[in-house]
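K.L.:
Protein chains in written order, with this note's numbering: chain A, 1169 to 1282; chain B, 43 to 269.
It is possible that some hints are incorrect.
[To be verified] Quick list of simulated restraints, FRET-style, between CB atoms: (1) A/F1232 x B/V47: 58 to 68 Å; (2) A/T1195 x B/N255: 21 to 31 Å; (3) A/E1187 x B/N255: 20 to 30 Å; (4) A/F1232 x B/T45: 14 to 24 Å; (5) B/E100 x A/Q1188: 47 to 57 Å; (6) A/G1222 x B/V47: 37 to 47 Å; (7) B/T112 x A/A1268: 33 to 43 Å; (8) A/D1209 x B/A56: 17 to 27 Å; (9) A/G1222 x B/A56: 33 to 43 Å; (10) B/A62 x A/P1236: 20 to 30 Å; (11) B/Q143 x A/G1227: 31 to 41 Å.
[Claimed, not checked] DMTMM-like mimics (lysine to aspartate or glutamate), calculated; alpha carbons at most 20 Å apart, straight line: (12) B/K193 x A/E1279; (13) B/K59 x A/D1254; (14) B/K59 x A/D1272; (15) B/K193 x A/E1226; (16) B/K190 x A/E1203; (17) B/K59 x A/E1180.
[Unchecked claim] Which residues of chain B face chain A? A partial, calculated answer using Cβ under 8 Å: (18) A56; (19) L60; (20) V122; (21) C135; (22) P195.
Everything labelled a hint here was simulated from the structure, so no lab data went into it. Owing to the predicted nature of the structure, the values given are computational and were not obtained by experimental measurement. Backbone N, C-alpha and C define an ideal beta-carbon position, used for all residues, glycine too.
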Amino acid sequence: MHELSITQSVLEIALRHAEQAHAARITQLNLVIGELSTIVDDSVQFYWDIISRGTIAEGAVLHFERVPGVLRCLNCGHTFPLNGEDFSCPRCGDRQVITAGGDDFRLDSIEIET
Amino acid sequence: MTTRVSVVEDILSANDKLAASNRARLDAAGVFAINLMASPGAGKTSLITRTVEALKDEFRIGAVDGDIATTLDADRIAAVGIPTVQINTGGECHLDAVMFQSALPSLPLDDLDLLIIENVGNLICPASFKLGVHASVLIASVPEGDDKPYKYPVMYRGVDAVVLNKMDVLAAFDFDVDYFRQGVEVLNPGLAFFPLSCKTGEGLDAWLAWLRNEVRKYVSGDSGAHS
């Protein structure tokens, strides 16, 4: 599990943007996590509570927006959700597919008090 | 009063930037680097020693070995007679660009053509952390079962080649090679697939031919596009 180092990155990014905005406190972080990223949000929350202590982000609420994995058929262009068992296209049955979404792992925005 | 500040920053962007700088360093020295990923026991170290034995007269090869602890694998690789650097991740489940960067000064990059990186044995985490290599190779093995590409799509996606090791024990397992291959290819149309046995040597030639070709293409200036 690598959520500790990941959560440290989240904190660094949030603090950097908060400082630029002259924030006194960070109250919420809005994170986007794709199904195909290898991040467990419960784990991030666990580490967050520990590593944010003593910073202006202490007590901030982590809000996770989950984004599903999406595949695209190379034959007919149809996009469809990853269902975990069968990757073939539900429209034309072709098996030549690529991933087209769900990789996301980013900090979209933070809520701050100035 | 609360204000929303837009950030829109990838959490792994720091790693990605460092990976790009590692890549630039390898390119400056003309070293083709591959990242070998697999679950524990799939045969990463065996494939490396086999590969080095076969190609060491053709190319100048170095290795980086990532493990949670011990130098057992690095010792095996160094025994084949190539410069090897061990990275002990101290519990981290994958190599990242920072660890890889820290290993680079210990390698004679200017005197290498090919650098083989053995990632930590893990079928989940290494996929998310770019190192700055030119090609990624996933090693699967027959005893793991033929459903792994379906169960670990993130790991299988985006690799340039898949090696299926331990073909010598195929008869002892309910392993459907076609089903496995379908699962691998479905997320990687056109990828290279090498069923082989590091133990008997069966199938190794096709893998070696692919790697030889990739290194030669790179050395002649036609470098890959992966990171």
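K.L.:
Each hint should be assessed against the structure and marked as holding or not.
P.N.:
How the hints compare with the structure:
Against the hinted window of 58 to 68 Å, the Cβ-Cβ separation of A/F1232 and B/V47 comes to about 18 Å, which falls outside the hint. As the Cβ distance of A/T1195 to B/N255 is approximately 55 Å, the hint placing it in 21 to 31 Å is violated. Take A/E1187 and B/N255: their Cβ atoms lie about 50 Å apart, and the range 20 to 30 Å is violated. A hinted range of 14 to 24 Å holds for the C-beta pair A/F1232 and B/T45, which are about 21 Å apart.
Remark: the range hint 47 to 57 Å for B/E100 to A/Q1188 is upheld by a beta-carbon distance near 53 Å. Range check, A/G1222 to B/V47: Cβ separation about 21 Å, and the 37 to 47 Å hint is violated. A C-beta distance of roughly 41 Å is found between B/T112 and A/A1268, which places it inside the suggested range of 33 to 43 Å. In this structure the hint that A/D1209 and B/A56 lie 17 to 27 Å apart at CB holds, the actual value being about 20 Å.
The given range of 33 to 43 Å is broken by A/G1222 and B/A56, whose C-beta atoms sit roughly 22 Å from each other. Taken as a hint, the range 20 to 30 Å holds for the pair B/A62 and A/P1236, whose Cβ atoms sit roughly 29 Å apart. Distance hint check: the CB atoms of B/Q143 and A/G1227 are about 35 Å apart, consistent with the given range 31 to 41 Å. A hinted pair counts as satisfied when its Cα atoms are at most 20 Å apart, and B/K193 with A/E1279 does not qualify at roughly 37 Å.
Straight-line distance between C-alpha atoms of B/K59 and A/D1254 comes to about 34 Å, which puts the hinted pair past the 20 Å bound. Of the pairs offered as hints, the one joining B/K59 and A/D1272 holds, with about 17 Å between alpha carbons and a cut-off of 20 Å not exceeded. Using a Cα cut-off of 20 Å, the hinted pair B/K193 and A/E1226 is violated, with the two alpha carbons roughly 37 Å apart. Proposed proximity of B/K190 and A/E1203 is supported: the alpha carbons are some 17 Å apart, at most 20 Å.
Between the alpha carbons of B/K59 and A/E1180 the distance comes to roughly 15 Å, so the proposed pair stays at or under 20 Å and holds. The interface hint given for B/A56 is met, as the beta carbon of that residue sits about 6 Å from the closest beta carbon of chain A, less than 8 Å. Contact between B/L60 and chain A, as hinted, is not supported at the beta carbon level, the nearest pair being about 12 Å apart and thus beyond 8 Å. Interface hint at B/V122: violated, since its Cβ lies 30 Å from the closest Cβ of chain A, which is beyond the 8 Å cut-off.
Annotation: interface hint on B/C135 holds; nearest CB of chain A at approximately 5 Å, less than 8 Å. Checking B/P195 against chain A by beta carbon gives a least distance of about 7 Å; that is within 8 Å, so the hint holds.
Comparing the model with each numbered hint stated earlier shows that hints 1, 2, 3, 6, 9, 12, 13, 15, 19, 20 do not hold.
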